[in-house]
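Enquirer: Now for the letters of each chain:
There are 2 protein chains.
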Amino acid sequence: MSSSSSENDQAREDNVLERIAQIVGQRNIPAGEVHIGDDAAVLGPFLGQVVVSTDVAVYGIHLDIKHFSLEDLGFKAVTSALSDLAAMGAHPRGLAVAVSAPPGTDLEQLHRGIALASEATGCPVIGGDLSSATDTSVAVSVFGEVPLGEAVLRSGAKDGDEIFVTGVLGRASAGLRLRRGGASLDNELVEAQRRPLARINEGIAARDSGVSAMMDLSDGIGLDLHRLATASKVGFALRHVPIADGATLQEAMSGGEDYELLITTSDPEKLIATFLERGLRAPISIGTIVLDSETRTLEGQPIEKLGWQHQL
Amino acid sequence: MSSSSSENDQAREDNVLERIAQIVGQRNIPAGEVHIGDDAAVLGPFLGQVVVSTDVAVYGIHLDIKHFSLEDLGFKAVTSALSDLAAMGAHPRGLAVAVSAPPGTDLEQLHRGIALASEATGCPVIGGDLSSATDTSVAVSVFGEVPLGEAVLRSGAKDGDEIFVTGVLGRASAGLRLRRGGASLDNELVEAQRRPLARINEGIAARDSGVSAMMDLSDGIGLDLHRLATASKVGFALRHVPIADGATLQEAMSGGEDYELLITTSDPEKLIATFLERGLRAPISIGTIVLDSETRTLEGQPIEKLGWQHQL
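Heads up: the protein sequence lines correspond to chains A and B, in order. For what it's worth, our numbering labels the leading residue of the first sequence as 2, then goes sequentially. For what it's worth, our numbering labels the leading residue of the second sequence as 2, then goes sequentially.
Since the hints were derived computationally from the structure, they do not count as laboratory data. Hints are not guaranteed to be accurate.
Since the list gives no way to pick out one identical chain from another, each pair is judged satisfied if it fits inside one copy or across any two copies.
[What the hints assert, rightly or not] Computed cross-link-like contacts, SDA-like style, restricted to lysine to any residue with a CA-CA straight-line distance of at most 20 Å: (1) K159 to P269; (2) K234 to I37; (3) K67 to T135; (4) K67 to Q110; (5) K271 to G168; (6) K159 to G211; (7) K159 to T296; (8) K159 to S267; (9) K234 to N16; (10) K234 to E19; (11) K159 to G38; (12) K67 to V169; (13) K234 to G38; (14) K159 to I285; (15) K271 to A283; (16) K159 to D293.
Please work from the sequences and hints to get the whole structure.
Expert: See the structure below:
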């Protein structure tokens, strides 16, 4: 970096990094681990396999600058990445953030959002990087663990499996519409848009109950269920889509960002029982996987009629 | 994402992701691993501890747009992140890239650079994300392994340790100057600037020989040696700095991006022998760690005289 930034920039970078480390850094670092401050972070041994994902969120592209804060951007960037771990049934062990922003950006506010999401899920911020740029963006990488061979893929759905979602859909999309229409930040649906949480415990419970396939609904069930079916080489017959109070069918189908999980299983009773034993809300059955990969229906009607075909 | 991007954008993203996966994806994925294509990647069990780092590179900030290509940007972003693993003595297992760029950017060229650096170090690209943005930037996260408790930190240098670098300094900085002055892309020093490689094997050899501290010289020895000394609460007395042919003292001292490693050890013979046994160029001894943390000299002169004090 030094070839294109001055020595004063370097000193300033060191200072800013120190203040940010205080915001996002953990109070109690496990013995033998190294988090922020060295060339790289060192995490205690992982059980089983290592699960990793990277997600980038750009202010103004992934989040409306007029209606949402830098703190919201940081929070949602972390949730979006952790949701990918949830979708594999992984237990999160750490996350790293690479932040780019124009000079003068309130980096502390942005990192407070990152810290809040980190604390809400118990996944420590173990490293990061900062750069100046024109855009404000946050790339979040997450690291988790699953028992050997137990990561839940999108590709395992089988004929006859029951399809579940972990909650009603469309809350975040409805919240975006309401916020743009003047709703306050503490409106429950606006809150669902600003501060969604990754369904970590639900993903682990689903994996423990032996589900056949799982993914997170980050782009909306209308797109993501097609992706799961294509990866699994199967079709689906949906009985209904559970629409959140205050949301429209369109918002429930094509609104992402609820971060609910989409699950298929051959043992629905075990799935529901595992959720209830752990104090989690029971997942909602919405339909059935079918053998014919061309069959993709909602209430018996080809789902193309709802206008999703061109998405694929 | 769907709340702020159209369905056509989603379809286009799926197509672009597929083409990019062909460029960066591995031919032979180890049994039991999942790379690109699911919610997250799954890597086979890691030996010992997990080492992770994230680095962001912005086109126009970290690399001069006039003189270097998108392929160079991708290549250097990967090297910069892998260099952090090298500096811990870690063995790389995988990397993930989050790319942001304006519509119309040649994403395939950028990812070819990523793929080239990945192949050059044998570290597979196991996942990624794409976003539109105003800037073109690449955030690279790397995942490696070290035996339990053997990661080499910056903070372990002790009084009397000998200080080494893995090669002559200033090549990349000289290359930048020459390129701006009209030198061609295949000039050896320009090549050092465009296509630096992380010193992975050197880092592992240093760790195996039991060195006391290590870091990569990404910001120049004039800044980075101070950082190592501060982290270790020691001082240093440099005898000399090995300047690359064609580079200036200033370029050797404050030019980063050579990605050579800075190493301290109480057993110099063992360090050199380990390098030579493995067919690596012998590291260069440049001075000694001293107890007094205020002592920071080059050839007996306080190093502040060279004008670095304000960097700290």
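Enquirer: Each of the hints needs a verdict: does it hold here or not?
Expert: Hint check:
Taking identical chains as interchangeable, the C-alpha atoms of K159 and P269 lie at most 20 Å apart only when both belong to the same chain, with a minimum of 13 Å there against 60 Å between chains. In this homomeric assembly, K234 and I37 come within 20 Å of each other (Cα to Cα) only across copies, at 18 Å, whereas the closest approach inside a single copy is 43 Å. When the C-alpha separation of K67 and T135 is checked against a cutoff of 20 Å, the pair qualifies both within a copy, at 17 Å, and between copies, at 18 Å. Taking the shortest Cα distances, K67 and Q110 sit within 20 Å of each other inside one copy (16 Å), while across copies they are farther apart (34 Å).
For the identical chains of this complex, K271 and G168 are intra-copy neighbours only, at 18 Å inside a copy versus 60 Å across copies, given an alpha-carbon limit of 20 Å. In this homomeric assembly, K159 and G211 come within 20 Å of each other (Cα to Cα) only inside a single copy, at 13 Å, whereas the closest approach across copies is 52 Å. Proximity of K159 to T296 under the C-alpha cut-off of 20 Å is restricted to the intra-copy arrangement: shortest distance 14 Å within a copy versus 69 Å between copies. In this assembly of identical chains, K159 and S267 lie within 20 Å of each other by CA distance solely inside one copy; the values are 8 Å within and 60 Å between copies.
In this assembly of identical chains, the alpha carbons of K234 and N16 lie at most 20 Å apart only when taken from different copies (18 Å versus 52 Å within one copy). In this assembly of identical chains, the alpha carbons of K234 and E19 lie at most 20 Å apart only when taken from different copies (17 Å versus 50 Å within one copy). When the C-alpha separation of K159 and G38 is checked against a cutoff of 20 Å, the pair qualifies only between copies, where the shortest distance is 19 Å, while the shortest distance within a copy is 47 Å. For the homomeric pair K67 and V169, neither the shortest alpha-carbon distance inside one copy (27 Å) nor that between copies (51 Å) is at most 20 Å.
Taking the shortest Cα distances, K234 and G38 sit within 20 Å of each other only across copies (14 Å), while inside one copy they are farther apart (46 Å). In the homo-oligomer, the alpha carbons of K159 and I285 lie at most 20 Å apart inside one protomer (18 Å), although the nearest pairing across protomers, at 60 Å, exceeds that limit. For a Cα distance limit of 20 Å, the shortest separation of K271 from A283 inside one copy, 11 Å, qualifies, whereas the shortest one across copies, 61 Å, does not. Taking CA atoms no more than 20 Å apart as the test, K159 paired with D293 passes inside one copy only; the shortest distance there is 11 Å, against 68 Å between copies.
The structure does not agree with numbered hint 12 stated previously, though it agrees with all others.
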